[in-house]
Amino acid sequence: MNVGQAIINLRKEKGLSQEQLAFESGISRHFMYRLENNLASPTVKTLEKLAVSLSVQPSVILEKAQAL
Numbered sequence: 001m002n003v004g005q006a007i008i009n010l011r012k013e014k015g016l017s018q019e020q021l022a023f024e025s026g027i028s029r030h031f032m033y034r035l036e037n038n039l040a041s042p043t044v045k046t047l048e049k050l051a052v053s054l055s056v057q058p059s060v061i062l063e064k065a066q067a068l
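The sequence shown: position 17 = 17 (the working numbering), numbered continuously.
It is possible that some hints are incorrect.
Derived lysine-lysine pairs resembling DSSO-like cross-links, with alpha carbons at most 30 Å apart [said to hold, decoys possible]:
1. K64 - K14
2. K64 - K45
3. K45 - K12
4. K49 - K12
5. K12 - K64
6. K45 - K14
7. K49 - K64
8. K14 - K49
Hints in this document: simulated from the structure, not taken from any laboratory.
Make the full structure from the sequences, and use the hints.
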C-alpha cells in the first residue's frame, strides 16, 4: 500500500501544492513531506483531515493507495 503516492496523486489532481494541502489539513509541511515519502503513516484523524481538504472520502485515499 502506497499511501504517500496516493496523497501526491490526489493533491496534484486538485491543483494543490504540498504546502497548501498541509495548511488546509492543519498539519505541518514537514509532516506532509514525511507522509508523501512514506516516512510516516497517517493516523485515522490525519487521513480524515487530508480527505476533507482533498474533497474525497478517506476510503478513496486508501483505495488509490492499494491500487498502486
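- Which of the listed hints are broken here? Hint check: nothing fails, all pass.
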